[in-house]
Amino acid sequence: MKKFGLLLGAMLTFGAVPMVAQLENSIKLNEVMTCNTSSIQDEYGQHEAWIEITNISFSTYNIRGMFLTTDRSVLDKKMSVPERISRMSIIPNGEKRTIMGGQQNIVFFCNSNPAQGSMHLTVKIDPTEPTWIALYNGNAVNLIDSVTVPPLAANESFARVKDGDNYIWKRTEAKNVTPGISNNIHIKESKIAKIKRDDPHGYGIAVLSMGIVFFCLALLFAFFTVFGLIMRNRTMVKKVAEIQPLRAGVGMAKKTAEIGHMTNVILQDGLSTKGIDKELYIAVISMALKQYMEDIHDVESGVITIKPKNTDWNVEYIQMTQFHE
Amino acid sequence: MGFTNFIIENFNEFLTYTGFANATAGNMIMIVVGAILIYLAIKKDFEPLLLIPIGLGIILGNIPFRADAGLEIGLYEDNSVLNIFYQGVRQGWYPPLVFLGIGAMTDFSALIANPKLVLIGAAAQFGIFGAYMVALALGFEPNQAAGIAIIGGADGPTAIFLSSKLCPNLMGAIAVCAYSYMALVPLLQPPLMRLLTTKKERVIKMKPARQVSQTEKILFPIIGLLLTTFIVPSGLPLLGMLFFGNLLKESGKTTRLAKTAGSALNDIIVMLLGLTVGCSTQASEFLTLNTLFIFVIGACAFIVATASGVLFVKLMNIFLPTGKKLNPLIGNAGVSAVPMSARISHNLGLEYDRHNFLLMHAMGPNVAGVIGSAVAAGALLGFLS
Chain S
1 MKKFGLLLGA MLTFGAVPMV AQLENSIKLN EVMTCNTSSI QDEYGQHEAW IEITNISFST
61 YNIRGMFLTT DRSVLDKKMS VPERISRMSI IPNGEKRTIM GGQQNIVFFC NSNPAQGSMH
121 LTVKIDPTEP TWIALYNGNA VNLIDSVTVP PLAANESFAR VKDGDNYIWK RTEAKNVTPG
181 ISNNIHIKES KIAKIKRDDP HGYGIAVLSM GIVFFCLALL FAFFTVFGLI MRNRTMVKKV
241 AEIQPLRAGV GMAKKTAEIG HMTNVILQDG LSTKGIDKEL YIAVISMALK QYMEDIHDVE
301 SGVITIKPKN TDWNVEYIQM TQFHE
Chain F
326 MGFTNFIIEN FNEFLTYTGF ANATAGNMIM IVVGAILIYL AIKKDFEPLL LIPIGLGIIL
386 GNIPFRADAG LEIGLYEDNS VLNIFYQGVR QGWYPPLVFL GIGAMTDFSA LIANPKLVLI
446 GAAAQFGIFG AYMVALALGF EPNQAAGIAI IGGADGPTAI FLSSKLCPNL MGAIAVCAYS
506 YMALVPLLQP PLMRLLTTKK ERVIKMKPAR QVSQTEKILF PIIGLLLTTF IVPSGLPLLG
566 MLFFGNLLKE SGKTTRLAKT AGSALNDIIV MLLGLTVGCS TQASEFLTLN TLFIFVIGAC
626 AFIVATASGV LFVKLMNIFL PTGKKLNPLI GNAGVSAVPM SARISHNLGL EYDRHNFLLM
686 HAMGPNVAGV IGSAVAAGAL LGFLS
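Protein chains in written order, with our numbering: chain S, 1 to 325; chain F, 326 to 710.
Please keep in mind that the hints were generated in silico from the structure rather than gathered at the bench. Among the hints, erroneous ones may be present.
[What the hints assert, rightly or not] Which residues of chain F face chain S? A partial, calculated answer using Cβ under 10 angstroms:
| hint | residue |
| --- | --- |
| 1 | A392 |
| 2 | A438 |
| 3 | N439 |
| 4 | L442 |
| 5 | G446 |
| 6 | A448 |
| 7 | T540 |
| 8 | L640 |
| 9 | N642 |
| 10 | P646 |
| 11 | G697 |
For clarity, every value in this text was computed on a predicted model and none was experimentally measured. Glycine is no exception: its CB is placed at the ideal position from the N, C-alpha and C atoms.
From just these sequences and the hints, can you work out the full model?
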């Protein structure tokens, strides 16, 4: 029981830690606007600099307790945790919007007063200077993501956009900023549209998918062919060992002599008394010998078990009377 | 007078809620379709376990009522009981549970004993991709074409799983089409099998399969899972549950679980799945030109799948030595209608030689077809989702 408890504990620890870390690393800085004069407004109608965070995974993750900062001094590993926290702005607890579904985005207003609402952080941003922005996890030590934003014109943003298979940070014109939604919305052609354009008759998908199906099943075929051969040989060796565990040669010779003798008896008996064709006897006996020599007959355990079977006729309570006789 | 008015007003209002006041011609047609499916299931014994729930589901889904009344009774109305049942289809968790049951009931021995039969299961999947091309030619979008084409796999749960992910609006028609053709397998396949084989080929006797050890049976689901899902992770829900069910069966230590997965649990899921899929075929959604196309493409898919299975066996026979040749009648079983297709191979084999028992040989490609169609669905999902 103790061992089981230890095993379970170890499994939970080793299983849960990487999972949490993996989800944490799916949270990324996505878009930043350092000088907002006519872009989105907060609940009070004010234009404030903003930072957008995205969840690139397809799992829900609550980012409460994470920290945003623009203070580079926190890169000093020796800095104590309370000191670090004092230079960072915490993403508040108790706010439903911090529960980020898969592929969702959230915008925080900067240079602001948290008293105005959960989406308002004290993070300081100077639009005239390059600004280093970092996202730290709940212990304020592990850096999750960071970016250095160059000085931007009014209402321009610095956004993480897809470039081929990778993401790069790029200056975005005021008319193309996308607070709260994906940055790739303008440039991304849907997968379906791309397939429709590149493979209008479906030959490509058909060949690829058929190839995948064949490859998968051919792997199964190859594996179980080889494995089947190994197992067959093992079974054969086992059978031989079971049938003739000792002095195999002697046993075989004895058996052959025995069968030879029986053949003679049967042949004589058949020829003298029953008039059955000699060829028929020889054929039957040859077949039996062939089967014996090639070991293709069934191997029986040699143990007969008679299981008791209860029916209405033999159950005990029917055979008993109510009173002693 | 006031009381009379009250009665009349309320009675009139009540009348507006009745099915008679809200019925459309489409509803009536669908109710007749449902009744026909129930008739075929009971009278003709066509897949009764599926067609009875689907047939009644079609009737249930087409009972007219006032949609604006907010009664929360319709399949598409949030929080209605039927809507809650329907989430299993919408979210795609009924099909993997059906696969769990299939895994727990299936004996893969025939396949393990003669692994080359697995290739027939792969060849028969060509029906899916042939149908994909036909659907594209008919003007369907690639995702819709893939959802429709999977009918060629002859696998209801897989068809539902893929269409719920790629084209939820066509799922009802696809599911009904897939199950209808599966029920019609005894009518569709034999003429095609006769057409594509010679009399000499139909009487080929295959060597009896060797006995498979317990170790092989236990290793099959584990190796199968690793080999297939590493290549097609998108097929994980279906393949994972299929091999999990089979491991429960073959491990010898979880007989109770395998029994539940293969009987009670499977029955419950089949009932809910059939009923809700039937319900989803409301006249307004179902009676469209698209549905007609889906049925036509479905038929093409079945024909191509059966033909490619049979022809592939004939191709294999060219390379196989005498004495090891395969009977092409087992080729049709490459589609994953388990065990109907295998039974058809067997019956047709007996028709031409009453000593030629093909059932166990046909079970090999049949179960390979289940794996093959799940892999095909995973591949299409990966490309088109």
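Quick rundown of the hints versus the structure:
{"no.": "1", "hint": "A392", "verdict": "30 angstroms, violated"}
{"no.": "2", "hint": "A438", "verdict": "7 angstroms, holds"}
{"no.": "3", "hint": "N439", "verdict": "9 angstroms, holds"}
{"no.": "4", "hint": "L442", "verdict": "9 angstroms, holds"}
{"no.": "5", "hint": "G446", "verdict": "6 angstroms, holds"}
{"no.": "6", "hint": "A448", "verdict": "8 angstroms, holds"}
{"no.": "7", "hint": "T540", "verdict": "7 angstroms, holds"}
{"no.": "8", "hint": "L640", "verdict": "13 angstroms, violated"}
{"no.": "9", "hint": "N642", "verdict": "17 angstroms, violated"}
{"no.": "10", "hint": "P646", "verdict": "16 angstroms, violated"}
{"no.": "11", "hint": "G697", "verdict": "5 angstroms, holds"}
Figure legend: structure checked against the earlier numbered hints; hints not met, in rising order: 1, 8, 9, 10.
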